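**Q** Chains as they are written, first to last, in my numbering: chain A, 1 to 575; chain B, 1 to 112.
For the record, the hints were derived by calculation from the structure and aren't laboratory data. Source: prediction; values computed, not measured. For each residue, glycine too, the CB sits at the ideal point set by N, CA and C. Do not take every clue at face value.
To be verified - For lysine to any residue, the following SDA-like pairs were computed, each having C-alpha atoms within a straight-line distance of at most 20 Å:
#1 B:Lys33 <-> A:Arg479
#2 B:Lys33 <-> B:Thr43
#3 B:Lys33 <-> B:Asn96
#4 B:Lys33 <-> B:Ile90
#5 B:Lys33 <-> B:Pro99
#6 B:Lys33 <-> A:Val547
#7 B:Lys33 <-> B:Leu73
#8 B:Lys33 <-> A:Tyr299
#9 B:Lys33 <-> A:Arg478
#10 B:Lys33 <-> A:Ile123
#11 B:Lys33 <-> A:Trp477
#12 B:Lys33 <-> B:Gly77
#13 B:Lys33 <-> A:Asn548
#14 B:Lys33 <-> A:Trp476
#15 B:Lys33 <-> B:Gln23
#16 B:Lys33 <-> B:Phe79
#17 B:Lys33 <-> B:Glu107
#18 B:Lys33 <-> B:Arg105
What the hints assert, rightly or not - Derived CB-CB ranges, DEER-like:
#19 A:Gly546 <-> B:Asp98: 40 to 46 Å
#20 B:Leu88 <-> A:Gly203: 24 to 30 Å
#21 A:Gly251 <-> B:Phe59: 37 to 43 Å
#22 B:Lys33 <-> A:Gln541: 57 to 63 Å
#23 A:Leu191 <-> B:Leu52: 20 to 26 Å
#24 A:Val381 <-> B:Asp98: 53 to 59 Å
#25 B:Asn96 <-> A:Gly538: 35 to 41 Å
#26 B:Thr102 <-> A:Pro508: 42 to 48 Å
#27 A:Leu19 <-> B:Glu30: 47 to 53 Å
#28 A:Val200 <-> B:Asn96: 48 to 54 Å
#29 B:Glu17 <-> A:Gln541: 37 to 43 Å
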Amino acid sequence: MSSPTGIAAVVLTALATVLIGMYGVRAARTTSDFYVASRTVTPWWNASAIGGEYLSAASFLGVAGLVLAYGTDMLWFPVGYTAGYLMLLVLVAAPLRRSGAYTLPDFAEARLESSAARRMASILVVTIGWLYLLPQFQAAGLTLRTVTGAPQWAGPVVVAVVVLVSVLGGGMRSITFVQAFQYWLKLTALLVPALFLLLVWVGDGRPELATPGSPVFEEPTSVEVTIDVTVDVPSQISVVADGEPLVLEPGPHEVSAGTVLDFPAGAPIPHASSLTPMTGESWALPLTAGGDHPLYATYSLIIALFFGTMGLPHVLVRFYTNPDGRAARRTTLAVLGLLGVFYVLPGLYGALGRLYTPELLLTGRTDAVVLVLPARLVDGVAGEALSMLVTAGAFAAFLSTSSGLTVSVAGVLSQDLLHGRVRNPVTGFRLGAFLALLVPIGLALTSPFLGIADVVGLAFAVAASSFCPLLLLGIWWRRLTWPGAVAGLLAGGGASTAAVVVTILGGPQSGWVGALLAQPAAWTMPLAFVVMIAVSLGTQQHLAPGVNRTMVRLHTPENLDLNRGDWDPEDRWRT
Amino acid sequence: MASLETPPPERAIPTAEEYERMQASPEFAELRKRFRNFAFPMTAAFLAWYLLSTYAVDFMSQRVAGNINVGLLFGLGQFASTFLITWLYIRHADRNLDPIATQIRDELEGAR
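Next up, chain B with everything else stripped away, as it sits in the complex:
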């Protein structure tokens, strides 16, 4: 988000037309594509993982020791997997999204 201090004077505030042009530009399409190509399959994959781990009742019901069954271990594993997916996403965003986003910003603000 924009810093609240007065921006350096050479930074141009883009006009509506420049926004329109940006919307149609290949960089912008690439940014959205990179984001979608990661976020949407990842979302689908982890939803499938959660929903399937509910479905496989017989497998989940196998006892490991005492009252501990496979489902219980998977339940704990789900906290770990949620954390892992988040970490993967953050790495993706840092490596693949931030550079191109910065590039777009530089182009848009250097436009005048």
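The following block holds chain A by itself, in its conformation from the complex:
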């Protein structure tokens, strides 16, 4: 795609986001309270907004990239993202709404009556938020680079500036409208090009997506390497490198940015060393993906995704923008429908990418498959327009998820860390928003590029190992105490975070250690449960004094007029 089209797509998405945000602010200002305003939002709009917020870079780009490289096993990502919502609905959503807590730290404080538990929860919200923001920014860098050739830092900076403008301008008030728009943009941006891609594939006589053997270039292929990459050459290949004939011997080779490699038809595809090569046979079959212990890795991933959703800071607050529990349930059903429709598409892109853009296996930029496929298969103006559409959809994904996360993290930062140091709450929130973006941008620019969906999976693992036990035990087990909760959060959240840090900084390890570190949820989540229960049983003298009252509140109808005290979690956003 040419640079002007790509830039136009990014600018249009950013403009639409800011403009709809401003319109949302105007609409919301006619009522005195944001939450009254949001209750006039119908379940259908609300569901669109939830979908818009939830479908991040991982869903829009990452899943397709993983499917391209590793095949059917990766379909667990979309299934898990969807099923996680079901877990949230059945086990947590209604009691949490009734608790009156808007954020996870609020819940920890209300249920355990402890500021230590609150602080621990705050730290974890910030950790998970940053971990989730990191891949959004890296994806923005990848996208802007792919479509315009801009340097890697440009994407994160553009996203951060737009998010900062819309969050500081409108705060929570405008976000429902923006995110509902962004869901439909994302769906259109994947669906319309997908129809064209399918037409081309059918027109080609429906070639097999993956031939059984190792991947080869079916036709003479010219690959331009845009970022330095180390590739593993499986067997001797004669290529043309920058116009000079060259024989690549088996083994690792470093290819520097700017190199153009011309492969003859039938040449095996050297894979970037960050990818595990797969034959077409194993690509199409489950439980054959890279790594030493695929069954463990798959189970652990499923656990992380199913139980992590309930602990994502930006997801929970959405359940408040419904008039009552009944509407909240209707909303969830609509959300699952919207997510299900969307998630059929990334797998399609990944599968077609295996056939039509196999050179991504060489450059290692498999996450770019959604961006490059349309222009590859559709020529001329139509291809340009489709590329523009997917670029716009990708930016909608970065912007919507980043806005939601930034608001959540900024709220926690301003209330729990800056509180007392900054007198004005609005200034505190703005400062919080700035900090919420600064750290993940720094990380995105300095840390190595990992698969987008992989890093998001790690954020889910931390959430599943910390907030899932806190919520489930807090809601269903009377005897949970604050020392137990803090110890469990520390053990599960700490262990999973440590595993994540080792994986990100140290790269993939081999054997059982590698499997346990790369997919920690299967052991860190039980660890958190065990520690929470054991320490609680040993510290029964610290049972919250109002636990009976809290339990009734959590489990009785929410249209009951409850004495929620004079503490109002919305204070922080009020001007």
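Fit chain B to the supplied structure of chain A, relying on the hints for placement.
**A** For chain B alone, coordinates are given in the frame of chain A:
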């Protein structure tokens, strides 16, 4: 959640003691029991369904047509099953949970 308009005056705001009594009441126990009896087995069942469908590799690997194998069809089926379970839960909540919850509310607020 409570409506933000001023509540009608006859609605009493329950005291702490009434909460304590409610916590011990059979209605409250029944509400929690009904919820648990549905939610916990359902959660266990659908987790088992997901985990087992990963485990049965040989079965999942059977080809249906071209690159389409049983596992792929199950993957699509999982979206459908997630939707179905959610619908079942919502029906359960509307039919079995909401009436008793309303009853508790009426008792608690009519207490004075």
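**Q** Kindly indicate which numbered hints from before are broken by the structure, ordering the numbers from low to high.
**A** 7, 8, 10, 12, 16, 19, 20, 22, 23, 26, 29
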